[in-house]
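Enquirer: Okay, here's what each chain looks like letter by letter:
2 protein chains.
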Amino acid sequence: MSFTLDQRLADSSHLVACVGDIQVRLADDSRYPWLILVPEQDEVVELHDLTNDQRNRLFTLASRLGNWMKTTFAADKINVASLGNLVPQFHLHIVARRDGDAAWPGPIWGHANPTPRADADRQEMMAAVARCLETDEIL
Amino acid sequence: MSFTLDQRLADSSHLVACVGDIQVRLADDSRYPWLILVPEQDEVVELHDLTNDQRNRLFTLASRLGNWMKTTFAADKINVASLGNLVPQFHLHIVARRDGDAAWPGPIWGHANPTPRADADRQEMMAAVARCLETDEIL
Numbered sequence: 002m003s004f005t006l007d008q009r010l011a012d013s014s015h016l017v018a019c020v021g022d023i024q025v026r027l028a029d030d031s032r033y034p035w036l037i038l039v040p041e042q043d044e045v046v047e048l049h050d051l052t053n054d055q056r057n058r059l060f061t062l063a064s065r066l067g068n069w070m071k072t073t074f075a076a077d078k079i080n081v082a083s084l085g086n087l088v089p090q091f092h093l094h095i096v097a098r099r100d101g102d103a104a105w106p107g108p109i110w111g112h113a114n115p116t117p118r119a120d121a122d123r124q125e126m127m128a129a130v131a132r133c134l135e136t137d138e139i140l
Numbered sequence: 002m003s004f005t006l007d008q009r010l011a012d013s014s015h016l017v018a019c020v021g022d023i024q025v026r027l028a029d030d031s032r033y034p035w036l037i038l039v040p041e042q043d044e045v046v047e048l049h050d051l052t053n054d055q056r057n058r059l060f061t062l063a064s065r066l067g068n069w070m071k072t073t074f075a076a077d078k079i080n081v082a083s084l085g086n087l088v089p090q091f092h093l094h095i096v097a098r099r100d101g102d103a104a105w106p107g108p109i110w111g112h113a114n115p116t117p118r119a120d121a122d123r124q125e126m127m128a129a130v131a132r133c134l135e136t137d138e139i140l
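In the order they appear, the protein sequences are chains A and B. For the first sequence, the tail end lands on 140 under our numbering, and the numbers increase by one without skipping. For the second sequence, the tail end lands on 140 under our numbering, and the numbers increase by one without skipping.
Bear in mind the hints are in silico, worked out from the structure with no lab data behind them. Values in this document were obtained by computation on a predicted structure and should not be read as measured data. All residues carry an ideal CB built from backbone N, CA and C; glycine is no exception. Be aware that a few hints might be false.
Stated by the list, open to error - Covered by chain B, per the in silico footprint, the following chain A stretches (three or more residues, Cβ under 8 angstroms):
no., stretch
1, 13-27
2, 52-63
3, 87-101
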């Protein structure tokens, strides 16, 4: 199956790893711990464009990453969302929110401009996510 | 299993039907076709508080309702999200978005105040969703 990542997703996030055919990406925004899952398949725009198996695997992964993020970042709430009003290629946001963060209690999308992570911070975050994905529990 | 619906969800949406242990509710906002799914179980706050079976059933239902909404309301995009920053009781939004709607292309949450539906409009919408749920395909 062919797959080309949308350029806006490529420019605003970094590939941490693939779990099967799902890309796990770190959004480059230091305001929030923010992951983006992208099934590697062209032409998927809506949740209902996924097969049952793809959908189940996607949300199993989202659930496990959200669980890990809630603990790791002492989050008050995990936000999970597929919007795509600006970037139609299907992608699922998983965001660790804290009371008092930049957009709290509103949604993060469209809330001012991203604050790119410093190199060391980004590398540390990506390594932490990668370690999480390497555990048996998450796979 | 005990279940008490959060008062804010009760005040801002109407129960259309239950599919198994999942409430299908119509958000009372005429700006968007907007459904809310609520698993009838206390203490569920995060996606990872659901069992695998509950999660799979929830997103299967969300996928089918989103598919129906996209066609029925000629939507440009379906937004599916679990936020819960204000109302922690787990609930999943399914919103049919159109280019030019009140919040487009931003997220709908926190965008000005809801515009309650007129009685006839609300009844018509609830009847349409109920008919959709009665078909074999959606169950």
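Enquirer: In terms of beta carbon proximity below 8 angstroms, does the stretch 13-27 of chain A have 3 or more residues touching chain B?
Expert: This one is violated; 0 residues, fewer than the three required, reach chain B with a Cβ under 8 angstroms.
Enquirer: Counting residues of the stretch 52-63 of chain A that have a beta-carbon nearer than 8 angstroms to any beta-carbon of chain B, does the count reach 3?
Expert: holds (count 6)
Enquirer: Counting residues of the stretch 87-101 of chain A that have a beta-carbon nearer than 8 angstroms to any beta-carbon of chain B, does the count reach 3?
Expert: That given contact holds, which follows from 3 residues of the stretch 87-101 of chain A lying within Cβ reach (below 8 angstroms) of chain B.
Hint compliance for this structure: hint 1 is the single one not met.
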